[in-house]
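S.K.: Under the working numbering, the letters of the sequence shown match residues 229 to 955, in that order.
Source of the hints: derived by calculation from the structure; they are not laboratory data.
Possibly wrong hints are sitting among the right ones.
With a cut-off of at most 27 Å between alpha-carbon atoms, the simulated BS3-like pairs for lysine-lysine come out as follows [to be verified]:
hint : residue 1 : residue 2
1    : Lys934    : Lys902
2    : Lys902    : Lys861
3    : Lys766    : Lys754
4    : Lys861    : Lys681
5    : Lys681    : Lys660
6    : Lys927    : Lys902
7    : Lys413    : Lys284
8    : Lys861    : Lys754
9    : Lys413    : Lys322
10   : Lys934    : Lys681
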Amino acid sequence: MVQGTMAKRWSVLCLVLVLFGVPWELLAQPRDQANVYWGEYLSLLEGSWNGNPTLKELRAASLEPLQSDVPSIENKGDWRWLVLNMPPGELREKWLEVATSSIDSLVVISTCSDVESTRFTAYGGGTRWSSDGGIPRGIRSLSGSNYPVFSVTEDCDNPTVYLGVRSGKQLVLPLRVNAKTTIQKWTVRRDLFFSMYLGIMLVMLLYNLILYFTVEDRAYLLYVLFLIGVAGSQLFLEGYQGLIPGFEPTSWLGVRVVHFMGIYSGVTTILFVNRFLDLRRTGRGYYTTFNFLFVGYLLAFTAVVMGELSVGYQMINGVALGAILVLPAGIHVWRQGRQSALFLLTAFTLFFASVVVFSLKEFGVIPHATITKFAMPLGSMVEVVLLSIALADRINQLKKESALAREEQLRVSQLNEKITREQNEVLESRVKQRTEELEERNDRLRGALEELKLAQDQLVQAEKLASIGQLTAGIAHELNNPINFVSSSAQSLRRDFDDVSEVLQMLQGLAAGDEALEARVASMQKRMEELDLEFTLKEIDELLTGIDDGANRTAEIVKGLRIFSRMDGDEGADANLNDLLESTLVILRSTLRDEVELMVDLAPNVPSVSCQPGKLNQVFMNLITNAAQATSKADLPKEERQVRVRTRVVTEGGAEWVQVAVEDNGIGMTEEVKSQIFDPFFTTKEVGEGTGLGLSIVKGILDDHKATLEIQSNPGQGSLFLITFPA
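Use the sequences and the hints to build the structure in full.
M.R.: Next comes the structure, spelled out in structure tokens:
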């Protein structure tokens, strides 16, 4: 807690200096010199004015006496002209000071006996006025003052002084008249005060910046930024921005720098308060409200950039009123037990009180005295010192919380160690018991796995046999065609053989010594002509060829059925995919003939692949059957329903693949259906039309063959199943 203690000591030292040192020195000034203002001799000239009126226009204007030591005039950025009529002799050998830096533009015209003697013109606030700062020759100005101070006349007992002023803020005119040396003393005292003010601010800034790098708490960085905004606002309001290169009062930035500093101060205040009070967790409503004020500052910034200085200044002041919510927010957080919130609450309360005093002074409610004039700088010094104490207390609080957390962590760690030791013994016995149980369960699971594998093989075969059962009628029809042809051909062949047998019998009845040989030969030739034996022999040859074709066709069908229905298990063999497809098509062709048009395009020279032929036949049958069913459900005429089966050999990078594509122009599938088609028992068919196992089995078989399956499908546009086998 060393850092927190040191921070508190530094902060308390600065607080004592602020509360007892500076005010004592300021209040020690003679009241009859520092606080005597001559606003009661001012009168406002009525009418609309510019910055360069003629003396005749000024003398002809109507007068409105202000009757106040320090007049406060509402102003919207327009020129306002006033006339100062002092008692005779009061201005002789005296200097006139406009004790404010809030005037943006100032023109002073001094006349003697209604003749203009001097004209003093100054533009922009925050100038350290000097005799060589662009002031016309012959006009004397006090060097080194942020306030306009000048000698009105030297040899005129009763001069009339016209003042032209313009400002985007409330126009307050504290005029003081005194000897040059006295005014110089006032300037030096003011500079000393703000030098001390700046020194205290720099000490607090540097120390908290060091704490930020030491503690690495972002609240300290935000406090440093907030402190820059507070100090900058007070110094710029007093006109000290003219000391900074680039902030000349006549430049674009110099005219707007006070506005920008006000916006910066407001933004950093919101960021610091949100962080310090942790309003995101402790006061969500206040957090949202403060963040909403950023929008107001953004609008004010836009107005200032666009040149609407008066509007921007009023917007900045309006948004700044929202900072009063810091007080209820601080009370809200303090009631939650955060003692550091009490320091912030006290700091902002004192600062707001100083703002109220300063504002009442500006509007003429309370006297324009030294203490009221320096109320805001004093209040801001007290504020930053108290906030530094709050941050120091925050360090102690964080360390205390950290120590408590470590103690709690140690206690929990010891308790966990004790519980762990006790549980280890129990766990060891339980582990031994569970190990025995797991070994027993593993034995049962191995048995169940073997049964499951057997059931899976049986399920695959059952699905395969079920498909064959559905195709039995088609296969019977396919077998009946060649059998019927053989049967009819056999009958015709028998009749032809009867004719041939008759001729052969006549031929056998011929003998070499038969006297009627010629007559019998003639009779036999006549009979051969009647029987048209030449046509009969040709017909016999055709019938025998047809019978042979029918027998071969029957053999192919039986062979395809035998290959298709066999169970291969895990045994592999080299097979040609074209042959497997043809055996499948042999079985399916008669069934699908009346439903769709089968278009087969098998590439030549397809290399053999190592596979389980029977299982691949089942894959091809399922895919072709599904394609035919999807096409049959489409709203197409029978002659337009097509299922295409093709094979291709693909070579890439020295490797070969064999592709089998099954494509239809059926109803297609949605993305949702595509994502589920390989799930067991998932089907889009009506109840009783399918088991939902076909494509699941297809996927399993293809995975076993290291083959990939790509699906392309859209609703109403058909589907393409593309299988790629490594050759």
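S.K.: For every hint, state whether the structure bears it out.
M.R.: We went through each hint and held it up to the structure:
1. Lys934 with Lys902: holds (21 Å)
2. Lys902 with Lys861: holds (17 Å)
3. Lys766 with Lys754: holds (19 Å)
4. Lys861 with Lys681: Between Lys861 and Lys681 the Cα gap is close to 36 Å, so the pair fails against 27 Å, i.e. violated.
5. Lys681 with Lys660: Distance of about 31 Å is beyond 27 Å: violated.
6. Lys927 with Lys902: holds (13 Å)
7. Lys413 with Lys284: Answer violated: Lys413 to Lys284 is near 38 Å, above 27 Å.
8. Lys861 with Lys754: violated (65 Å)
9. Lys413 with Lys322: Holds: Lys413 and Lys322 sit about 15 Å apart, inside 27 Å.
10. Lys934 with Lys681: Within the cut-off at roughly 20 Å; holds.
When each numbered hint is compared with the structure, violations occur for hints 4, 5, 7, 8.
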